[in-house]
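A.B. asks: All letters in the sequence shown, in the order written, are residues 1 to 129 by our numbering.
Just so you know, the hints here were simulated from the structure itself, not pulled from any lab data.
Be a bit skeptical, because a hint or two may be false.
[As the list claims (entries may be wrong)] Now the in silico label distances, taken between C-beta atoms and shown as ranges:
1) 40 <-> 62: 17 to 23 Å
2) 40 <-> 81: 16 to 22 Å
3) 14 <-> 75: 32 to 38 Å
4) 5 <-> 78: 16 to 22 Å
5) 83 <-> 11: 18 to 24 Å
6) 9 <-> 67: 19 to 25 Å
[Unchecked claim] Below 25 Å or equal to it, Euclidean Cα-Cα: the simulated SDA-like pairs (lysine to any residue) are:
7) 8 <-> 26
8) 8 <-> 67
9) 8 <-> 51
10) 8 <-> 38
11) 8 <-> 39
12) 8 <-> 49
13) 8 <-> 23
14) 8 <-> 52
15) 8 <-> 88
16) 8 <-> 64
17) 8 <-> 62
18) 8 <-> 71
19) 8 <-> 68
Virtual Cβ for every residue (Gly too), placed ideally from N, Cα, C.
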Amino acid sequence: MVSTTDVKRALSALATRTDTATRPSVAVIDEADDARSDLRRAAGFVDADGLDRLDEAIAAAERAGDEAAAERGRRARAAFRRFREAAAGGDSCGGDNDRAGDGSSRQPPDHFRPAPGTPKPDTGQDPGR
1 MVSTTDVKRA LSALATRTDT ATRPSVAVID EADDARSDLR RAAGFVDADG
51 LDRLDEAIAA AERAGDEAAA ERGRRARAAF RRFREAAAGG DSCGGDNDRA
101 GDGSSRQPPD HFRPAPGTPK PDTGQDPGR
């Protein structure tokens, strides 16, 4: 969970920003790109409706003809999707889920099988245990 102090600091920085040479769409893409390197920042970005803002920023960069910024935004968006999938327990590596080799996504049988325990010889323990 992102702290209230972190959110206030980020909002204050955005409100008092004097960097007018950077288009707002590029600033959002920069924010998303930078947030990928820190889990706390990534969570804060997502909590602050960052993914919706990122989608809008990518579209704005495409309209402005800034393909480099749009591509960075698409890479950041793909990373956030992988983060979400990993958090949900999915296969975020993009790998093949066909672990059983039969077209299904179930786990293959392993070499461990339920079996009776090994009885101690002098205890009179039931060998079928």
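A.B. asks: Below or equal to 25 Å on CA atoms is what counts here, so check residue 8 against residue 67.
C.D. replies: Outside the cut-off at roughly 32 Å; violated.
A.B. asks: What's the verdict on residue 8 and residue 71, does the C-alpha distance respect the 25 Å limit or exceed it?
C.D. replies: violated (29 Å)
A.B. asks: Is the hinted pair residue 8 and residue 62 satisfied, with a Cα-Cα distance of at most 25 Å?
C.D. replies: This hinted pair is violated, its Cα atoms lying about 30 Å apart.
A.B. asks: So the hint says 16 to 22 Å: do the beta-carbon atoms of residue 5 and residue 78 match that?
C.D. replies: violated (30 Å)
A.B. asks: Is the hinted pair residue 8 and residue 52 satisfied, with a Cα-Cα distance of at most 25 Å?
C.D. replies: It holds: about 20 Å lies between the C-alpha atoms, which stays within 25 Å.
A.B. asks: If I claimed the Cβ atoms of residue 40 and residue 81 lie 16 to 22 Å apart, would that claim hold in this structure?
C.D. replies: holds (19 Å)
A.B. asks: Using the Cβ atoms, figure out if residue 14 sits within 32 to 38 Å of residue 75.
C.D. replies: violated (22 Å)
A.B. asks: So if I understand the rule, the pair passes when the alpha-carbon distance is 25 Å or less; does residue 8 with residue 26 pass?
C.D. replies: Given that 25 Å is the threshold and the Cα spacing comes to 21 Å, the pair holds.
A.B. asks: Taking the beta carbons of residue 83 and residue 11, is their distance inside 18 to 24 Å?
C.D. replies: holds (22 Å)
A.B. asks: Is the straight-line distance between the alpha-carbon of residue 8 and that of residue 38 25 Å or less?
C.D. replies: Answer holds: residue 8 to residue 38 is near 18 Å, not above 25 Å.
A.B. asks: Within a Cα-Cα threshold of 25 Å, do residue 8 and residue 88 meet the stated pairing?
C.D. replies: violated (28 Å)
A.B. asks: Would the pair residue 8 and residue 64 pass a check requiring their Cα atoms to be no farther apart than 25 Å?
C.D. replies: violated (30 Å)
Hints 1, 3, 4, 6, 8, 15, 16, 17, 18, 19 from the list above are not met by this structure, while the remaining hints are.
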